[in-house]
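Listed here are the chains, written in short residue letters.
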Amino acid sequence: MNFWSDPLKVAADWLTGILVGWGMNAVVAHILLAFLGILMLASILMVLDIFLVWLERKVVARFQDRLGPNRVGPFGLIQPFADIIKLLIKEDTTPDGADRVVYNIAPLLSMMSVLILWAIVPLAPVLLGVDLNSGALFLIAAGAIGTLSIIMAGWASNNKFSVIGAFRQVAVMVSFEIPMLAVLLIPTIFAGSMGMNTIIQKQDIWYFLLSPLGALIFLIAAIAELGRAPFDLAEGESELVAGYNTEYSGMKFGMFYAGELLHAFTFGGFWAILFFGGYRFFGLEKVSPFLSIAIILFKALIGYWIIMWIKYTMMRIRIDQMLAFNWKFLTPIAFVLVMVTALMNALLRDASSWLYITGMILSNIILGWVSLEIARLVSKKERERVEGLKQPALSKAEGVVEAHH
Amino acid sequence: MTGEKIIFLIIAGVTLFSGFMVVTSSNLVHAALWLVAALFGVAMVFALLNAGFIAVVQVVVYIGAIAILFIFAIMLTRREQLDHGVQVNKNWWVGALVAVASFAGLVFLLQSFNGFSKTALAIPSGFDAVNQLGDALTSPAGYVLPFEVASVLLLAALVGAVYLAFNKK
Numbered sequence: 001m002n003f004w005s006d007p008l009k010v011a012a013d014w015l016t017g018i019l020v021g022w023g024m025n026a027v028v029a030h031i032l033l034a035f036l037g038i039l040m041l042a043s044i045l046m047v048l049d050i051f052l053v054w055l056e057r058k059v060v061a062r063f064q065d066r067l068g069p070n071r072v073g074p075f076g077l078i079q080p081f082a083d084i085i086k087l088l089i090k091e092d093t094t095p096d097g098a099d100r101v102v103y104n105i106a107p108l109l110s111m112m113s114v115l116i117l118w119a120i121v122p123l124a125p126v127l128l129g130v131d132l133n134s135g136a137l138f139l140i141a142a143g144a145i146g147t148l149s150i151i152m153a154g155w156a157s158n159n160k161f162s163v164i165g166a167f168r169q170v171a172v173m174v175s176f177e178i179p180m181l182a183v184l185l186i187p188t189i190f191a192g193s194m195g196m197n198t199i200i201q202k203q204d205i206w207y208f209l210l211s212p213l214g215a216l217i218f219l220i221a222a223i224a225e226l227g228r229a230p231f232d233l234a235e236g237e238s239e240l241v242a243g244y245n246t247e248y249s250g251m252k253f254g255m256f257y258a259g260e261l262l263h264a265f266t267f268g269g270f271w272a273i274l275f276f277g278g279y280r281f282f283g284l285e286k287v288s289p290f291l292s293i294a295i296i297l298f299k300a301l302i303g304y305w306i307i308m309w310i311k312y313t314m315m316r317i318r319i320d321q322m323l324a325f326n327w328k329f330l331t332p333i334a335f336v337l338v339m340v341t342a343l344m345n346a347l348l349r350d351a352s353s354w355l356y357i358t359g360m361i362l363s364n365i366i367l368g369w370v371s372l373e374i375a376r377l378v379s380k381k382e383r384e385r386v387e388g389l390k391q392p393a394l395s396k397a398e399g400v401v402e403a404h405h
Numbered sequence: 406m407t408g409e410k411i412i413f414l415i416i417a418g419v420t421l422f423s424g425f426m427v428v429t430s431s432n433l434v435h436a437a438l439w440l441v442a443a444l445f446g447v448a449m450v451f452a453l454l455n456a457g458f459i460a461v462v463q464v465v466v467y468i469g470a471i472a473i474l475f476i477f478a479i480m481l482t483r484r485e486q487l488d489h490g491v492q493v494n495k496n497w498w499v500g501a502l503v504a505v506a507s508f509a510g511l512v513f514l515l516q517s518f519n520g521f522s523k524t525a526l527a528i529p530s531g532f533d534a535v536n537q538l539g540d541a542l543t544s545p546a547g548y549v550l551p552f553e554v555a556s557v558l559l560l561a562a563l564v565g566a567v568y569l570a571f572n573k574k
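Chains H and Y, in that order, give the protein sequences.
Sequential numbering of the first sequence, starting at 1, is according to the numbering used here.
Sequential numbering of the second sequence, starting at 406, is according to the numbering used here.
Treat the hints with caution; some may be incorrect.
Across the chosen pairs, the derived CB separations fall in these ranges [stated by the list, open to error]:
{"id": "1", "chain 1": "H", "residue 1": "Glu373", "chain 2": "Y", "residue 2": "Gly531", "range": "43 to 49 Å"}
{"id": "2", "chain 1": "Y", "residue 1": "Ala534", "chain 2": "H", "residue 2": "Gly73", "range": "47 to 53 Å"}
{"id": "3", "chain 1": "Y", "residue 1": "Asn536", "chain 2": "H", "residue 2": "Leu33", "range": "26 to 32 Å"}
Here are a few chain H residues that sit away from chain Y, every Cβ distance over 12 Å (derived from the structure) [claimed, not checked]:
{"id": "4", "residue": "Trp14"}
{"id": "5", "residue": "Leu48"}
{"id": "6", "residue": "Leu55"}
{"id": "7", "residue": "Phe63"}
{"id": "8", "residue": "Arg71"}
{"id": "9", "residue": "Val72"}
{"id": "10", "residue": "Asp83"}
{"id": "11", "residue": "Leu284"}
{"id": "12", "residue": "Met339"}
{"id": "13", "residue": "Glu373"}
{"id": "14", "residue": "Val378"}
Calculated directly from the structure, the hints in this document are not laboratory data.
Ideal Cβ placement from N, Cα and C applies to all residues, glycine included.
Produce the complete structure using the sequences and hints provided.
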C-alpha cells in the first residue's frame with residue numbers, strides 16, 4: 001500500500017503511528033484524526049469557494065460580453081481575496097428587533113448544509129468521508145437544513161422583505177424536493193443501492209445515457225433548490241431588495257453568498273456522480289486517486305458551468321408559474337419516469353446490454369415526447385381560453401371607437 | 406464508561422432539554438426551532454444505533470417537512486408570535502401525575518429487562534440495513550400488507566385534503 005494508490009490511509013496510518021508513539025491512546029488518536037480529516041476537507045472546500053467567486057464573476061462577465069475582474073493580480077485572481085478582506089472588515093449590523101441568536105445561527109446553518117453534503121461525495125474509490133447506504137436521501141436531508149436556515153434568516157431579520165423572500169424560497173425548495181427525490185430513485189434502480197460510491201462503481205455506462213430525461217429533471221430541480229435563475233424569485237431585486245438575506249452585512253452575508261456558490265458547484269458534482277460516472281473516466285480512475293479527484297472536480301465544474309449558463313441566459317419566472325411548472329408538469333413526469341424505469345428495468349434485466357440501453361433510451365424519449373405533446377395541448381387550450389376572454393372585450397372597444405367616428 | 410455512552414448521554418441531555426424548551430418557551434417560532442433541535446437529537450440517537458437510514462428519514466420527514474410546515478403555519482396564522490399569559494392551566498397537576506405515573510411504569514417494566522448489561526452483537530460485514538428494510542416492507546412474508554394499508558390511508562388523507570381545499574368554481 002503506497003502513497004499514490006491510497007494516500008488517505010497511508011497518511012492516517014503514519015499520523016496514528018506518530019501519535020501513538022507519543023503515548024496517546026489509539027482510540028483518541030483515531031477520533032483526533034477523524035476531526036482533522038473533516039477540518040481539512042472543509043478548509044479545502046472553503047478555499048475552493050474563494051476561487052469559485054472569481055470563476056463565477058469571470059464566467060458571468062463572458063456571458064454578458066464584459067471582461068470581469070481584471071485589475072488585481074493576473075486575470076483578477078487576487079480580486080476574491082480583496083472582496084473577503086472587505087467583507088471581514090465591514091460593520092457587522094444587526095437590525096432592531098431582530099432575534100439575535102436565530103439571526104446569527106442562520107448563516108452558519110446555510111454554510112453547513114452545503115459542507116455536510118461533501119461527507120458523502122466520493123472523490124476517488126478510496127477517498128471519501130463516509131459511504132452511507134442512504135446517500136441519495138442524505139442529499140435531501142441536507143437540503144432540509146438549508147431550507148431551515150433560510151426560514152430562520154427571513155424570520156429573525158424582522159423585515160417584511162426578508163420574510164416574503166424566505167417564504168418564496170422555501171416554497172420553491174419544498175416543491176422541487178419532490179421531483180428531485182423521485183429522480184434520485186432512478187440511479188438507485190440502476191445501481192441497486194443508494195450509496196454514492198456504489199452508484200459510481202456500477203456505472204459502466206453513464207446513467208445519463210440510460211435516463212437522459214432523469215438527468216434533465218435532476219438538473220432543473222437542482223437549479224430550483226439553489227434558488228438560481230430562472231427560479232430566483234426569492235431575491236427579485238425590484239420587489240424584495242435581496243430576499244431573505246436583505247438585512248445581513250459583512251461576512252454573514254458572505255456566508256450565504258459563498259454557500260450558494262459552493263452549493264451550485266456541489267450540485268454540479270452530484271449531477272456528475274449520479275448521471276456521468278463521477279470519478280470514472282475510461283479506466284483513468286484506476287491509475288491514481290489524484291487523477292480521480294481531478295476527473296470528478298472537472299466534471300463538477302462542467303456541471304457548475306451549465307448551471308451558470310442557464311442562470312445568465314434565462315429570465316426570472318413568477319411564483320405561480322414556478323408552482324404550476326413544478327406541480328403540474330415536473331412532478332408527474334418524474335413519478336411516471338420512475339415507474340417506467342422500474343418497469344423497464346424489471347422487464348429487461350436479463351436481456352443483452354444493447355437491448356437494455358436501447359429500451360431505456362426509447363422509453364425516455366417516448367415519455368419526454370408524450371409529456372411535451374400533452375403540455376403543448378394544454379397550453380394551446382389555455383391560450384385559446386385567454387384569447388377568447390380578450391376577444392369580446394376587444395371587439396366591444398372597437399365598436400366604441402367606430403361609434404365615435 | 407465508554408465513549409459511546411458519553412456521546413449518548415450528551416445527545417440525550419440535549420434532546421431532553423430541547424423537548425423541555427419546546428413546551429416552555431413563550432415564543433412560538435422559538436418553540437418550533439427547539440422542536441427541530443429535539444428531532445435532530447432523536448436522529449442522532451438513531452445514528453448511534455447504526456440505523457443510518459432511519460436517521461436520514463427522520464431529518465427528511467420531520468425537519469424537512471413537518472417542522473417547516475409548523476413554522477409556516479405559525480407565521481401565516483398569527484400576527485403576534487409571542488404568547489403572553491401563563492403557560493399552564495389548572496389541570497397541570499393531573500398532567501404531571503400522568504407523566505410521573507407513566508415514567509414510574511416504564512421504570513418498573515424495564516426492571517425485568519436485562520439488555521442493559523449486554524454488549525451488542527457485532528454487525529456482520531456486508532450487512533445492508535436498507536436492503537433488509539426494503540425486503541421486509543415488500544415481501545409477502547414480511548410487512549407488505551401493513552405497508553400497503555398505511556399507504557392507502559395516507560393516499561386517502563391526501564385526497565381528502567385536496568377535496569377540502571379545492572375551490573369549486
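We went through each hint and held it up to the structure:
no., hint, in the structure
1, Glu373(H) x Gly531(Y): 43 to 49 Å, "47 Å, holds"
2, Ala534(Y) x Gly73(H): 47 to 53 Å, "51 Å, holds"
3, Asn536(Y) x Leu33(H): 26 to 32 Å, "31 Å, holds"
4, Trp14, "24 Å, holds"
5, Leu48, "26 Å, holds"
6, Leu55, "30 Å, holds"
7, Phe63, "33 Å, holds"
8, Arg71, "44 Å, holds"
9, Val72, "41 Å, holds"
10, Asp83, "32 Å, holds"
11, Leu284, "28 Å, holds"
12, Met339, "15 Å, holds"
13, Glu373, "26 Å, holds"
14, Val378, "18 Å, holds"
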